[in-house]
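**Q** Residue strings, one per chain:
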Amino acid sequence: MDELKKAVRDYVVKEYLEDGDDREVREDTPLITGGIVDSFSMVSLKRFLERKYSIQIPDAQATPQAFDTVNSIADLVRKFTNVV
Amino acid sequence: MAYASKAREWYKGELETLRSQGLFKQERFIHSPQGAEIEVEFPTGKPPKRVINMCANNYLGLSSHPEVVAAAHAGLDVRGYGMSSVRFICGTQDIHRELESKLTTFLGTEDTLLFPSCMDANAGVFEAVLSEQDVMIADRLVHASIVDGMRLCKAMTDTFKHSDMEHLEEKLQEHQDKRFRMVITDGVFSMDGDLAKLDEIVRLAEKYDAMVFVDESHASGFIGKTGRGTHEHCGVVGRIDIITTTLGKALGGASGGCVSGRAELVEMCRQRARPYLFSNTVAPVIVSGALKVMDLISATTERRDKLEWNTKYWRSLLTEAGLDIKAGESPIVPVMLYNAKLAQDVARGLFDEGIYAVGFFFPVVAKGQARIRTQLSAAHEKRHLDAAAAAFRKVGATHGILGLNKNQIVEKFGL
Numbered sequence: 011m012d013e014l015k016k017a018v019r020d021y022v023v024k025e026y027l028e029d030g031d032d033r034e035v036r037e038d039t040p041l042i043t044g045g046i047v048d049s050f051s052m053v054s055l056k057r058f059l060e061r062k063y064s065i066q067i068p069d070a071q072a073t074p075q076a077f078d079t080v081n082s083i084a085d086l087v088r089k090f091t092n093v094v
Numbered sequence: 021m022a023y024a025s026k027a028r029e030w031y032k033g034e035l036e037t038l039r040s041q042g043l044f045k046q047e048r049f050i051h052s053p054q055g056a057e058i059e060v061e062f063p064t065g066k067p068p069k070r071v072i073n074m075c076a077n078n079y080l081g082l083s084s085h086p087e088v089v090a091a092a093h094a095g096l097d098v099r100g101y102g103m104s105s106v107r108f109i110c111g112t113q114d115i116h117r118e119l120e121s122k123l124t125t126f127l128g129t130e131d132t133l134l135f136p137s138c139m140d141a142n143a144g145v146f147e148a149v150l151s152e153q154d155v156m157i158a159d160r161l162v163h164a165s166i167v168d169g170m171r172l173c174k175a176m177t178d179t180f181k182h183s184d185m186e187h188l189e190e191k192l193q194e195h196q197d198k199r200f201r202m203v204i205t206d207g208v209f210s211m212d213g214d215l216a217k218l219d220e221i222v223r224l225a226e227k228y229d230a231m232v233f234v235d236e237s238h239a240s241g242f243i244g245k246t247g248r249g250t251h252e253h254c255g256v257v258g259r260i261d262i263i264t265t266t267l268g269k270a271l272g273g274a275s276g277g278c279v280s281g282r283a284e285l286v287e288m289c290r291q292r293a294r295p296y297l298f299s300n301t302v303a304p305v306i307v308s309g310a311l312k313v314m315d316l317i318s319a320t321t322e323r324r325d326k327l328e329w330n331t332k333y334w335r336s337l338l339t340e341a342g343l344d345i346k347a348g349e350s351p352i353v354p355v356m357l358y359n360a361k362l363a364q365d366v367a368r369g370l371f372d373e374g375i376y377a378v379g380f381f382f383p384v385v386a387k388g389q390a391r392i393r394t395q396l397s398a399a400h401e402k403r404h405l406d407a408a409a410a411a412f413r414k415v416g417a418t419h420g421i422l423g424l425n426k427n428q429i430v431e432k433f434g435l
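Protein chains in written order, with my numbering: chain X, 11 to 94; chain F, 21 to 435.
Hints in this document: simulated from the structure, not taken from any laboratory.
Some hints could be false.
List of simulated lysine-lysine pairs, DSS-like, C-alpha gap at most 27 Å [what the hints assert, rightly or not]:
#1 K15(X) <-> K181(F)
#2 K56(X) <-> K181(F)
#3 K387(F) <-> K16(X)
On a predicted model such as this, the values are computed, not experimentally measured, just so you know.
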């Protein structure tokens, strides 16, 4: 797992999993359709990415599909930054 | 034809998908007034069956109370059936203002504004009082109507883990750059029946200069020593900035809701909240009934005391039977089954035994958290609860779940 994906994964675990929830979050774990992140709480993840990588993700592109896995989130971030 | 066959087929397909996923909801027809015992037609077309109702929000048993019904009749006679207007054109009668005043006194706030429902109050309130410069920080388990209201508001949205005060504090620190911060929570959470830690929330809000919003729909009338709500229970009456609540549950159960709180915030809703501005006034007959409800619950705590007794008794009966219930003190008592099909099967078995309770599963609750939500009422007598518990024991034994904990139920039935 590269650094970008690791940062996303770590944030998801800290921000969304309740204490005692030991579900493993992998690169392809469905976050929204899997019930880990609800679309209502997704905004804090978007804001985290925007702050950490100094980018602006247009709302139209911050879709539940784009935020559904660590992989798809990393792809989205890479569209707006040079992070590899 | 605008509704072409292509559209019809698409919608049919969507509905079929809901059916195949077990998410298709069907109404059950009730042939009696609301009460501890009701007559339910189920399946549709069968003769109505008299059952004990364990799933109404009729917490104080006032939905069909003779004095409330009589007051509604009288209101119908003297103030008419409808107003054919929104409030600010020609839809405000003296009784609307009287009810708002009684709610203000009861809730211990500064002012109150009626809405057609609490759903409407929640849909309109945030947009009326907050803007782009502000942030709304909500508990992740708030009611869907609050989520909708927040989506309609231009203020930034953030959330904190359910009842996690450390996480809330982090969020309050993070958003110190905003003009206004508003912490948003339910007083009693509708699916788990647990109470918000309002005393801690208020302490944090005061420390970090934030307003506090509480939806008291599952609390008004019965939580707290005199039934004022969660803020009374937690000792923070007068320190909540906005309370929304409903007349559609404990307070008569008909319809209508309100925003109550700081005078300026309520006035902003009167000026700007769209569901208030663009929807009909609450019908005079409902206002008249609700006025009687306010008189009844302000005069005595008898009904909320009986509800409290019923709640304790019911919780003890289910625990003795070996069922896995969510601990707590509210009259929402979820019987945890974890598996969605099991929840449906147990609900069906209970109905066969004359008990009406409904299974809840994803997406209403999180995956693997399926349950039967039972709700107590002051209209229940001890014999109702004894009969309902006997049915739970019988159906529970049939499925072999009595005495099992979460892991054992999951192992047996899967998630």
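**Q** Taking the hints in turn, state whether each one holds.
**A** Hint check:
Restraint check: the Cα-Cα separation between K15(X) and K181(F) comes to about 23 Å, which is no more than 27 Å; the hinted pair holds. Of the supplied pair hints, the one linking K56(X) and K181(F) holds, its CA atoms being roughly 17 Å apart against a limit of 27 Å. Our distance criterion of 27 Å between C-alpha atoms is met by K387(F) and K16(X), whose separation comes to about 26 Å.
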